[in-house]
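Protein chains: 4
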Amino acid sequence: MPLNTQIQTLGARKIDSPLPYNNLEDDKQVQVFVDKDCSQEIDPQILSLEAAGPRKKLYFNPTQAKCAIVTCGGLCPGINDVIRAIVMEAHHAYHVPSIIGIPYGLEGFIHTFNHNFIELTPSKVSDIHLFGGTILGSSRGPQDAEDIVDTLERCNINILFVIGGDGTMKAAQMISNAIQNRGRKIAVIGIPKTIDNDINFIPQSFGFETAVYKATEAIECAHTEACGVPHGIGLVKLMGRESGFIAAQATLALKEVNFVLIPEAPFTLEGEGGVLQALEQRLLKRGHAVIVTAEGAGQHLLERTSETDASGNVVLGDIAVYLRRAIKNYLNSHNVRHTIKYIDPSYIIRSVPANSSDKVYCGFLGQYAVHAAMAGRTDMVVAKVQGQYVHLPFEIVTRSRRKLNIHSDLWRAVLESTGQGTLKGMLPED
Amino acid sequence: MPLNTQIQTLGARKIDSPLPYNNLEDDKQVQVFVDKDCSQEIDPQILSLEAAGPRKKLYFNPTQAKCAIVTCGGLCPGINDVIRAIVMEAHHAYHVPSIIGIPYGLEGFIHTFNHNFIELTPSKVSDIHLFGGTILGSSRGPQDAEDIVDTLERCNINILFVIGGDGTMKAAQMISNAIQNRGRKIAVIGIPKTIDNDINFIPQSFGFETAVYKATEAIECAHTEACGVPHGIGLVKLMGRESGFIAAQATLALKEVNFVLIPEAPFTLEGEGGVLQALEQRLLKRGHAVIVTAEGAGQHLLERTSETDASGNVVLGDIAVYLRRAIKNYLNSHNVRHTIKYIDPSYIIRSVPANSSDKVYCGFLGQYAVHAAMAGRTDMVVAKVQGQYVHLPFEIVTRSRRKLNIHSDLWRAVLESTGQGTLKGMLPED
Amino acid sequence: MPLNTQIQTLGARKIDSPLPYNNLEDDKQVQVFVDKDCSQEIDPQILSLEAAGPRKKLYFNPTQAKCAIVTCGGLCPGINDVIRAIVMEAHHAYHVPSIIGIPYGLEGFIHTFNHNFIELTPSKVSDIHLFGGTILGSSRGPQDAEDIVDTLERCNINILFVIGGDGTMKAAQMISNAIQNRGRKIAVIGIPKTIDNDINFIPQSFGFETAVYKATEAIECAHTEACGVPHGIGLVKLMGRESGFIAAQATLALKEVNFVLIPEAPFTLEGEGGVLQALEQRLLKRGHAVIVTAEGAGQHLLERTSETDASGNVVLGDIAVYLRRAIKNYLNSHNVRHTIKYIDPSYIIRSVPANSSDKVYCGFLGQYAVHAAMAGRTDMVVAKVQGQYVHLPFEIVTRSRRKLNIHSDLWRAVLESTGQGTLKGMLPED
Amino acid sequence: MPLNTQIQTLGARKIDSPLPYNNLEDDKQVQVFVDKDCSQEIDPQILSLEAAGPRKKLYFNPTQAKCAIVTCGGLCPGINDVIRAIVMEAHHAYHVPSIIGIPYGLEGFIHTFNHNFIELTPSKVSDIHLFGGTILGSSRGPQDAEDIVDTLERCNINILFVIGGDGTMKAAQMISNAIQNRGRKIAVIGIPKTIDNDINFIPQSFGFETAVYKATEAIECAHTEACGVPHGIGLVKLMGRESGFIAAQATLALKEVNFVLIPEAPFTLEGEGGVLQALEQRLLKRGHAVIVTAEGAGQHLLERTSETDASGNVVLGDIAVYLRRAIKNYLNSHNVRHTIKYIDPSYIIRSVPANSSDKVYCGFLGQYAVHAAMAGRTDMVVAKVQGQYVHLPFEIVTRSRRKLNIHSDLWRAVLESTGQGTLKGMLPED
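Those protein sequences? They're chains A, B, C and D, same order as listed.
Converting from the first sequence to the working numbering requires adding 5 to each position, the first position being numbered 1.
Converting from the second sequence to the working numbering requires adding 5 to each position, the first position being numbered 1.
Converting from the third sequence to the working numbering requires adding 5 to each position, the first position being numbered 1.
Converting from the fourth sequence to the working numbering requires adding 5 to each position, the first position being numbered 1.
These are computed hints drawn from the structure, not numbers from a lab.
Treat the hints loosely; a few may be bogus.
Note: identical chains are not told apart, hence a pair may lie in one copy or across any two.
Taking lysine-lysine and the DSBU-like style, the derived pairs with C-alpha atoms no more than 35 Å apart in a straight line are [unchecked claim]:
hint	residue 1	residue 2
1	290	33
2	33	408
3	175	129
4	429	129
5	175	333
6	408	389
Computed from a predicted model, the values in this text were never measured in an experiment.
Isolated chain A (complex conformation) (with noise of 0.2 Å):
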């Protein structure tokens, strides 16, 4: 699959910048390798892509720059430090006089909502880091772009900052052709945010590091319930929609898992190579079990629905829900007297502040996204691709959903800390 990965611009450079150092070439490029944690399939594997950073000439007169920025879809820690970054930089960096909040999303755009803007200044945003959440709410779902555009011509916006998942960079690309359309000359830049760590091409994602972390401190509980009754399984239900990332980074975080079940491998439940069977002889023989489930796993297994949630997605079956029956009929019908403790961490997860690594990994994707902005780039992310910061086209991440490769390293280590890999559907045929 071929990468266009060429970065638009909006016009000629000319503005001197007023940043003092550092400032890299036009069209600095770096070159990284293709993430072998993901399972799709890039040609070539190393690619040339533009590096993030200031630039020595801007297209947009800082002074005379307004900045917009909005935050979309579920929460994820961190959102706030990536909006003081923001602010803090263009501030104090471009000195741009005027930064404005959208409130709640994409619909904070449209009059008809009625939401106030909010003025972002420094003291603003001097400690929102310290909060999980967003200081600018959030909403999901998609609003018409030609009004969106409408808002920001109103507003003389130059430059909107776009923190959201996959749906949300695919509406910015959609703002972003609208205003081309148009011939305006408005920078819209995307900072990717994901819960589940499955923005294509960027290997993790801001906030995954601190979900992780508190992933762990749910399934620890699950293993403390699980051993202190006999035959006691502890079962964890974890986000992943449809990547499996959450639930195995905390696997191998954590160590005390037995059975990790992801959207990316097709465990099957009964029989030889089962899940049940497996758990049934780890129950006997060592007296308690976890499992850990992303929320994404076994819909082989469920009755598809038809209904979908305002961002779009089709409403998951509860798999949680299944396996709790499932392995309480098999147990029963084995007479293997056992107990069931789930946890559902859920917002847990999602809504606490950013921790020390995921808070410099949010500052710098707010600087760089201002120092593209400000160098006139448009039609892109900034994203950190194996330690490297650079520009990727909203094309790229927007393509399709990343997800765990199960040839990966990253699996064999969690197939070898669980002890699963003898299951079905666990091991990639090779």
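Let chain A serve as the given structure and place chains B, C and D on it in line with the hints.
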């Protein structure tokens, strides 16, 4: 209600204690005031209780004593701390040669369950306080007292420490009675455990403070989620079958809760003074709301089930499910757009390690339990009442469940913190 | 020592309280037992004290009241919680129209320091409890009471809340006296603060529990370091100028401490029964050791300095430096190879936010301080004594410093936990 | 500087691996870019390195292998995780029958020290990752390589895993050389450990992230203290003998630091562009300031000592003491009243357990170390470079210390965060 606070003893105390100092007079009493947060009427308001502590003369020759420890019922932070303290005190202070752990609660005594006893030594327990849960395992439900005493006799156990809740203390009392009926000299000492803080006569049970802290983490997340969407409602279900202490205390610790529903305050949902109308007003005025409900709250609104669990407790209707539906219907019918984020932290609250304050508390409980047993006390629990460690007969702590007194300063402070004092059922009629 | 527990009032209480219920009789008393961990002899052992709480009749018309809050001395977890609670209670419960914060302690009252008052509103204080320290700033040392009263009068302040330590409470008493000498009607209410837990008559001051927790973290690190090298010695210095409460309590919470040195127990270093010989034996037997010393311990071994700090306290000799040198010399002369790892967590312990338990405590203190002031009490502090909130005259809490009673069960438990009961000076002569 | 990245092997690999899949080609290479935060010039910028990972063919017959693990130098979060991962991988994946722990670093090999080896089994190590430090103990300084190889031979050890810093890797190289000189077939595999993140060629060493987090806690306290007094200055000393990575990264994580002093940026104190004048201006403008200094910063200002410690490192002058005095003198002479609060968290930063992210990292390092050894690699370390696990010859990682490149984006971000870019010595071009 007159209380018999007399402590039973196994016989005359003649053995010199190996403890060098601070030994109490055998019949040392302390006076305590009755707990005001509890709804129960006790008269007189000042009681004389036997002081916990080491005595100069012992009943058992410690070097010939054999102790057993059993842990029953649900998990609670600090159980391992109590186990550790008993073992360390018995071993180091009294040089007791043998302490065994009974696996998986009372069923560990019963031959047919086929569990193996656990030898408890200082090196075995030295780090267990760093983990939640119980290293001995637990189970629910009673076992035949005669069978248990058979095992105690067969194993030459002189002293039995029972860590468990209300039902377990009743079982311990029955064991004690069976021992007396046989004319045996086996001390039975209870250390009351409850995540709900509902043990009669004990203002704050061990682990409660830790549980409250974990509860505040969940509520903080609910608050963050509620703030993150237009008209967001964070709904948190906390433990508390018959008593709202965790919900009330967490509310005071966090300050972000707008409605706290507990079993003791019979709120209404509909109409003037009902929760739904007040919630609507809060949403329209402030844009978000946080509701905390104890699992046993609002049972008057639900259909009564007749199921019981393994401990014989009635299975409660699910108030959170009921509330979600009621809120959704009400707000939809009033055309108030909203989003409900529901968090059920469940086992996360009770399976964590004790915090440092509970560690100190559990350490004292374990030590005092050993002192009491060595001096020949039986049929009693050790407890902290208003900063003083005392002996209480089983009969007192099992007489009824402790409930939150809605005339107390505690509840007044909750009403002030939430502002829900104007709701029906929250304010005492005075 | 007879105690005068009589609380002063500004005058007759005639205004109806806006609080709907739970109001106490004006002269409501509670009985409390004297704290046994404290070394001071108080007679009788049961005292009758005025109960804290709202009254039906007020002295001040709340809608015309003007409050001021000042914070003095060193930091302590929970100060911001107390400030927040005072503001919230005065504003929401009593509708007080104006509350001002005095910046940087008592010097904030003095014109020549040129500090600006801070208007305290609910929105200003709503999140401050999430931060350590004091948003008002603090300073040490006295200021002229007459100057302070001049400022109170000039600004029409009716009620002054003073948060501070022993010295500050004395200063508050002098302010109160100066007010009375002028015949003014200004309430002065103290909320005692001490990181050392050494306020007379108050078994546990706010922030103490949080401080103990942070202290255990440092001790845990010292233990890890000690175990990491041959004959490793972890040495930790904790706060405690005249009282060893933090050191003692942290020892009980952690269980890894082998020697804990406090001001109240006059240990010896040299010879039989000295710390050095016992340390050597511990090292040879177990390979590592952990020593915790309160900063005020062992002053009998050091040369007395005559310097004083800004608060007028004598500058202590550095016991940790002295111990390190003494240990090194002793072990070297005995050819015991060793490594000492010294940790001085210092400000890390006192500048963190309050934990959830201290948050609840501080919330009550702030509320009760407002209730007392509104009812016209003055020259007093609010305090929790054995689970009950009461009013205490300044005179009682400033009479002397609270010290750890080495005849108490607390100290006995410490000796048992460490095994240091055989050292000279540790055991009371009985 | 050309780099020889060739990995040594003990001989032909002929044994079939028991690992079922994901085995790499024997000579599998990956390409990595040279780390830009590091000051060292390396050419070319892209290097081809041997990929870490399991191989189809092994050199050792795993069921006849005998492994040893030794940990050297100062503590670092994650050492126990690496030990655990090695033991689990060798035992469960390769069925290695015997793994021994060498006590107290390299001296554990030397007969005269009289330490006992520790048998390492899965049950022995299963919980050790929950604790900081190293269960094996450690020591500093070299031991005779021939003596060590004598012990390896005498004990029939085939594989030696060495966890330690720069000096330890040099020692491991010497052991490897001595083995080769004797013509023995013993694999020596290093896992580089450094709290300062100063191992050449490795962008982020294990434990660094955890250390940064703990450092931010201390800085947060310094900030709180600084805000709590008029013209308060919080001064924090962090680890970093020759490299300022912890100081720089913690600054980016916390945002409250105004001055960060590192060895790589030769700041001046006096005069225009000096720290003292800028500090004065900051105090007068904002009322407080936070200074973070790496322990090795500003050595150009101090008299050089000639002492060395047990590891042979020069004992540094104490920059914090020097700064305190200089600040005090300067501000006093300018009549700027101030208070300095100094925090030296020291061992608190390095002796805590690894966070969940470092746990995952350490798990991979341990696994890859075992894979490398089994395939007969020697004289090398396993390392993560830009998200890829690789083999590096000892020679590369010991060639020099990694230092912070002050031309990097990392340092630019630090200058922007602190605003100290105008100070002399901070910006590269001056």
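Inset, instruction - Taking the numbered hints from earlier one at a time, note which ones the structure violates and give those numbers from smallest to largest. - result: 1
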